Amino acid sequence: MNQDNDKHEAMDVDPQVSAHYEKFADEKTPADLDRAVLHEVRRAVRADNRSGSFGAWFRPVAFVTTVGLSLAIILDLNDAGFFSPPADMSFETAPAGLVKVPDESTADAASRNLPQMTVSEVMRQKKSAAAQSPAVDAPDNSSNDAGVSKSRAAMVNEAFTTEDKDAEQRVEKTEAAVDANLQSRPGSAVQFTAPQATIATESHFVVEPVACSNEQKSAVEEWWICIETLRKSGLAAAADLELERLREDFPEFEPPE
Amino acid sequence: MGATPNDSALMLRYKDGDVAAFEILYRRHNDSLYRYLLRLSLNRDTAEDLFQEVWGKIIKARHRYRPTAKFTTFLYRVAHNCFIDYVRSNKRHMVVSGIDPECSPDPGDAPDLEAEKSLARRRLDVALGTIPDEQRDAFLLHEEAGLSIDTIAQVTGVNRETVKSRLRYATKKLKAALAEPAVQTQRTA
Chain A
822 MNQDNDKHEA
832 MDVDPQVSAH
842 YEKFADEKTP
852 ADLDRAVLHE
862 VRRAVRADNR
872 SGSFGAWFRP
882 VAFVTTVGLS
892 LAIILDLNDA
902 GFFSPPADMS
912 FETAPAGLVK
922 VPDESTADAA
932 SRNLPQMTVS
942 EVMRQKKSAA
952 AQSPAVDAPD
962 NSSNDAGVSK
972 SRAAMVNEAF
982 TTEDKDAEQR
992 VEKTEAAVDA
1002 NLQSRPGSAV
1012 QFTAPQATIA
1022 TESHFVVEPV
1032 ACSNEQKSAV
1042 EEWWICIETL
1052 RKSGLAAAAD
1062 LELERLREDF
1072 PEFEPPE
Chain B
59 MGATPNDSAL
69 MLRYKDGDVA
79 AFEILYRRHN
89 DSLYRYLLRL
99 SLNRDTAEDL
109 FQEVWGKIIK
119 ARHRYRPTAK
129 FTTFLYRVAH
139 NCFIDYVRSN
149 KRHMVVSGID
159 PECSPDPGDA
169 PDLEAEKSLA
179 RRRLDVALGT
189 IPDEQRDAFL
199 LHEEAGLSID
209 TIAQVTGVNR
219 ETVKSRLRYA
229 TKKLKAALAE
239 PAVQTQRTA
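Protein sequence lines, in the order shown, are assigned to chains A and B.
One gets my numbering by counting positions in the first sequence from 1 and adding 821 to each.
One gets my numbering by counting positions in the second sequence from 1 and adding 58 to each.
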């Protein structure tokens, strides 16, 4: 009984009591109890063997299946454009202007062909336009809207891919001139040019209007015309901003239908 | 001949599926564990139920078994906890209810050796029944399981001094009960 007893601690138990206990407490485990426990021992091992073989392949298969399904879902969402970044909402670039259908009914057909791009993009397109089909320069190309769109797109693509040092230098000069223009006319944005302004020659450049001049703002009707022109040019954000300012200055003004 | 593996090694082998190893382990501790539970619960049926429950838990815990302590410490800690849970769930004091019902010698007749032994055993059981559960538990862990005072403290969750105190009181009461003249003991229902 006392297989591991520390005899140094036997002082806590009376030796006579211990001897009495050892002598008379000698019961054995009942046989049926032994059989029941040993049966459970063997049953547990058998259950382990069964689940072990099952678990040996089930867990890796479950893991691979989970990973595979996850990848499939991610790829499917990616194909659907779920993870695509939002389109550039900058008002300086108005792709609609590039494919805008020119209006034959107005004499400002050329203005509708005005590229709604930055100064650099204008210069590149000019460079490409000179080498491309004349359909782009021609104001009356409404009969081939798809062709205009395609040619414009082709020019834009080629403009962005062509490395022309002269064009870059020209752009730099243009930007410097714009800055000088701005500094010479404090208090006003870029002067709004007449709608008839088209793609100029290579020696000139067209600075797209982004705001109405002070002269136009002095009269509510002209200011409204300016706003409409900005909107038609594709500068909706600028037009909204001008409209907001117009309403602040002329709260009684009612936009015509 | 190789040395017999220790208890922890046998348990680890059973963890790997060696049934024969566990049978060796079982044979080493089954009788002492049975007597411990028998005299702790003072009821044969309860002791058998607890006995199966204890070994069932040992079997279930085989995958998580780590030889961080001696196997006897692990075994009797499980047994102790099973008894505690049983007492709490039943909420009644364990009384002597016939640990050895088939032995009922007549003290008036000349006792033969077996009868005397049976009588002595009954006196021991009655004496154990008179001491509190905690003291009886400490005494049985010391005498039956052979655990040291520190190990008993670890199993029962008390400090060393508490275990020593319990052992002293248990021994004192048992000594006094065993020293009394042998009289016919009456069963308590």
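Think of the hints as simulated: they come from the structure by calculation, not from any bench.
It is possible that some hints are incorrect.
Which residues of chain B face chain A? A partial, calculated answer using Cβ under 7 Å [as the list claims (entries may be wrong)]:
1) Phe80
2) Tyr123
3) Thr126
4) Leu236
In the PhoX-like style, the derived pairs of lysine-lysine whose C-alpha atoms are separated by at most 25 Å in a straight line are [said to hold, decoys possible]:
5) B:Lys128 - B:Lys233
6) B:Lys175 - A:Lys844
7) A:Lys844 - B:Lys222
This structure is a prediction, so every number in the text was calculated from the model and none was measured.
Even glycine gets a Cβ: it sits at the ideal position worked out from N, Cα and C.
Those earlier numbered hints the structure runs against, lowest number first: 2, 3 and 5
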